[in-house]
Amino acid sequence: MPELDKYRLFPTEPSVRSLSAEIYSTVKDLPIVSPHGHTDPRWYAENAAFPDPAQLFVTPDHYVFRMLFSQGVSLDALGVPHADGTRVETDGRKIWRLFAENFHLFRGTPSRMWLDHSFREVFGLTGRFGPDTADAFYDHISDCLAKPEFRPRALFDRFGIETIATTESPLDDLRWHKMIRDSDWNGNVVTAYRPDPVVDPEFEGFAENIEKLGALAGTDATTWDGYLEAHRIRRAYFKEFGATSSDHGHATARTENLPRSEAVALFEKALKGTCTPEEADAFRGHMLTEMARMSLDDGLVLQIHPGSRRNHSAPMMELFGRDKGFDIPGRTDYVAALKPMLDAVGTEPNLTIILFTLDETTYARELAPLAGVYPALRLGPAWWFHDSAEGMRRFREMTTETAGFYNTVGFNDDTRAFCSIPARHDVARRVDSAYLATLVRTGRLAEDEAFEVAQDLAYRLVKQAYKL
Amino acid sequence: MPELDKYRLFPTEPSVRSLSAEIYSTVKDLPIVSPHGHTDPRWYAENAAFPDPAQLFVTPDHYVFRMLFSQGVSLDALGVPHADGTRVETDGRKIWRLFAENFHLFRGTPSRMWLDHSFREVFGLTGRFGPDTADAFYDHISDCLAKPEFRPRALFDRFGIETIATTESPLDDLRWHKMIRDSDWNGNVVTAYRPDPVVDPEFEGFAENIEKLGALAGTDATTWDGYLEAHRIRRAYFKEFGATSSDHGHATARTENLPRSEAVALFEKALKGTCTPEEADAFRGHMLTEMARMSLDDGLVLQIHPGSRRNHSAPMMELFGRDKGFDIPGRTDYVAALKPMLDAVGTEPNLTIILFTLDETTYARELAPLAGVYPALRLGPAWWFHDSAEGMRRFREMTTETAGFYNTVGFNDDTRAFCSIPARHDVARRVDSAYLATLVRTGRLAEDEAFEVAQDLAYRLVKQAYKL
Amino acid sequence: MPELDKYRLFPTEPSVRSLSAEIYSTVKDLPIVSPHGHTDPRWYAENAAFPDPAQLFVTPDHYVFRMLFSQGVSLDALGVPHADGTRVETDGRKIWRLFAENFHLFRGTPSRMWLDHSFREVFGLTGRFGPDTADAFYDHISDCLAKPEFRPRALFDRFGIETIATTESPLDDLRWHKMIRDSDWNGNVVTAYRPDPVVDPEFEGFAENIEKLGALAGTDATTWDGYLEAHRIRRAYFKEFGATSSDHGHATARTENLPRSEAVALFEKALKGTCTPEEADAFRGHMLTEMARMSLDDGLVLQIHPGSRRNHSAPMMELFGRDKGFDIPGRTDYVAALKPMLDAVGTEPNLTIILFTLDETTYARELAPLAGVYPALRLGPAWWFHDSAEGMRRFREMTTETAGFYNTVGFNDDTRAFCSIPARHDVARRVDSAYLATLVRTGRLAEDEAFEVAQDLAYRLVKQAYKL
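Going down the list, the sequences are from chains A, B and C. What the first sequence shows, in my numbering, is residues 1 to 468, in sequence order. What the second sequence shows, in my numbering, is residues 469 to 936, in sequence order. What the third sequence shows, in my numbering, is residues 937 to 1404, in sequence order.
None of these hints come from the bench; they were simulated from the model. Among these hints, one or two may not hold up.
[What the hints assert, rightly or not] Covered stretches of chain A (chain B as the covering partner; in silico rule of three or more C-beta atoms under 8 Å from a C-beta of chain B):
1. 8–15
2. 192–201
3. 337–350
4. 372–383
5. 390–401
For glycine and all other residues, C-beta sits at the position ideal for the given N, C-alpha and C.
Can you make the complete structure from the sequences, with help from the hints?
Structure follows, in structure tokens:
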């Protein structure tokens, strides 16, 4: 598309297409609320210029470099840093040209849509990106990045972001969030509490992490009570920096609600590093229930993101470390896995637990039936590999009939790629508008209701669910 | 929809839409054959007026109250009875207003379609239901219910029901069915044989149930041979009241074909209440094969409905008991699970085993390939949470190419909500008409064939499969 | 369809339909490259006339006779041979009439599309097939089969087949391929290396097969090193007859990368026939990794086709033997199963491993994410029961967004039914054209790109992936 098609992602039948466009026109300019993501708070704190086009679009985006790698382009040639921080290729232009030569690989992918949208809408580039235009695009983007209006805060404001959440570990001192808070800029950047390093006995340096947690909290976290207290203290600290949620990304959805004695015993083994894999899994599962109980007190929304088998390739993990595109989804079961936690807190109307999945087979079979009855449960949007036109459509088609719209929580961009944020929210608003228009034109929803639901899905539900 | 859209659920492209409407027009008024459901035979026996709108539409319909509960409305406020039979809220109008205030929660759900259809078609109400119209709707429906033409038998006739099946336990004396048979009304209400209380060693009071079974059958059911004989006797008794099928709702699709000695041993343990969960599961699985063997003799159609994890919430089960919307589907495997039974009886052309699923992932992968080769197997329609426009579409798209149309058995409403019966059959007829029209317009089926298949799906196949 | 609809399988909305037709018109006449299938090389070698219509269309096609069997037609009446080779019904016309009487069973199935296409395009028959036309069709096809232009080689040329692969065991002497090579006909028929009889310890006569393998290779295959060497020698021999791939059809996707000592120990047990099922499975899994290592040396493409539970019915297997329509797909997990092999060779850019599945739930969840990052992996097309309009559409919708188009390998017909080859490729080309047109009309792909991708999917990618 030299030009972005203004009707993109709308059904092709004219009467549905025109209604989709009408609905979309009422939500396209709503503020962006991004309650879950992985942008770097340092960007907003220091507000420094982004280094170069390759480091903006290629090197940090696992969607982009994994596809190039899948067709034989080495991560070294793309300047992706090794686990030890070294980078082989550092010439942004070389990386950019390699990206351009292989741009056809992205045909039909959401990355292609996000990139086209960013080139056009963020940098005002026209014409198609490819080998012939690589240098022109590189030069233009480089020039832009040097200008003040392309600094992180300026883009944040221009993107119409009302609130964005980053994700930090309890061991993070939140210095960048402090710096933002103490600055004269009033962009609303909040943190979220992601405790993997201190709730996963198999996490590198678990015992030291617990020491550090205690030090930060000013309590002895090596006892069970002190450990739970340290979580409460850090959660309270995160709330000072806007946190309204915690975030939990285990390999499975397992929860446990263990008797205190068993929990204590597992915690002590975890500190000694003597947990079996099964025991480590049980401990992680139990901590979800503990976190839910803390949420009942402090009101943080509990997000559960299970199902990714992280760092699937042993040699790549050794060479390049985490988050290099080798996290592969696996089958995830929720019904038995969530029962212990749901028996403990699932009927609490004042608790919000948001479930995500990478296993679409659970939408209609498990997640919608669960969220359609338990007051504490809500469904997160189509996530990660499913953050796409087809993925979002399947999400609505497979969850709405059983869970309705009001047990869902709007859209999350969940991204590290700052410039893709408007593009991703745009895709979500288009897909939902198309879905609603289809319901109207097939006699399943009245037109005025569709416009109201569109506002809910694009704006109201996310603020309500995340208490933003 | 203030008015029901006459084209609802049809594809939007005009040429497909018009053909869908043409096909639908030839099936919409066919008699309703409802071979599987849970309406109360007492309604037809006593033919008493339905008490009030809330007790007709809200309190008995788990689809309705589970959705309200999921958004924080308590079951007490909806008048849902506790396990001990007590009800907190008994004012129908209060319940009705609460329902109306939350009616937006049903947007995009099949419940919404069924309710709109019933309000309009059964009670002649126009305008949209909601807080503003709650009282008017309540008063109008109440007035109607007081009239003779809204008694169960009158509605049965008006709905064009040719045959309806209810579901009873072998321990049921079928008194209501006797009363119907002895009445001057000639509505065809038949029973179905659902033996859970006497084939599931984990069912409350299993041993006493077996005693009772023997007493009803006039045989000693505490011996293996007497037990099987008691089943045969009760099945014969059910057949006197029109039964043409048995119905089996286990948590899994497991079947077994055990040597007699093992079956006897498990039965004796079951009577003593000493079965392990694994042994109880094996016994249930073996009984499916025994039931299939009995079907070879007495001709009852065997229905297998696996996959629901019943009563998922322990606290809700304790407080409110069974069937309160907490039955959650789980992953269900059929291929290995059904093998013992299929090796025993699967190639019998005179046996009919109807398979249902709550796990759509098995449609194309397992169920269609199995039903597409085993003469004894047929596929039940999209069921329970999948008894919806999208669910039915997926069923056809994922089963037809491998199993064809003639290994399916038409539609089941499977409902407790009497007034929703015409609405549900209407949805099924519309979705099938749309599917057939799509096949024609995409060159996959000739037009005259589509009209013939539409008759088969709406009427002929269900009578044939269920021997009605 | 008395006439084949020229727009069949295209979306119905006119603007998408016309673009689909435009795209299709540029690929419909491209040569057929069939890199994976099960036609009999003897046909091309001897070029004898096909015996009769029933033996051409009914008796050898498990899609056809399994559907008839599922509705009570016995395999004996269809002339399907017993395991001992005997056939009950041998009168082709009787079989054909039985087929015609039940032709309505195929409504909505791909078999119906393939048959209609073959009747029309291969035999020039007009009018609809059925009981009334059975004899006329039979006579016409019989007359055709007697003519030289309906001999295998003539049809091969007429179908526009550029290359076709058959599948042989390492124990096959490839005599038919020799005969083809030595003939004056220049049709390109290549073999593929399918080692099940000599890599599966549970295969009938495994030990004798290993003896035979050694004899054919001229090495002692009863030692581990000799066994691997024998594979290398036979693979080289197959390459002389055009083989560019090996093919592996295990029940699961399990791979192993065992220490030499363990592999040797399993091999010795396998020879003694003392492997437990678990050990046999581990050995099969290890051999996939060994085959991948050999591929690194000799360049053969490794095809993995897991997930079929073969010969599901014990009584049918006993009476009729293998490949009688009783192979049922089962749930298949790839993520953990492939890890050992992928850790060993997954990042090799010069290796090609093509993954197929019968479990569509793995498309978006596992296969696309894996193929979208591992350079050695490519996705095979929608396969077997999913080689259909809906199946192919789901394949594109569920894999493209994460794996793109260029990690897929075009279409395989995988068939035993020679006359269905053009029909199957036509369906694939139509479905892909429709998918691409939809992407264009929904603003996801530029029009010129769609035409280019269409060429890739219909012709270029298959040649590239299979090195043809």
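Going down the list of hints, with the structure as the test:
{"no.": "1", "hint": "8–15", "in the structure": "holds (count 3)"}
{"no.": "2", "hint": "192–201", "in the structure": "violated (count 0)"}
{"no.": "3", "hint": "337–350", "in the structure": "holds (count 6)"}
{"no.": "4", "hint": "372–383", "in the structure": "holds (count 5)"}
{"no.": "5", "hint": "390–401", "in the structure": "holds (count 4)"}
Hint violations for this structure: number 2 only, all remaining hints satisfied.
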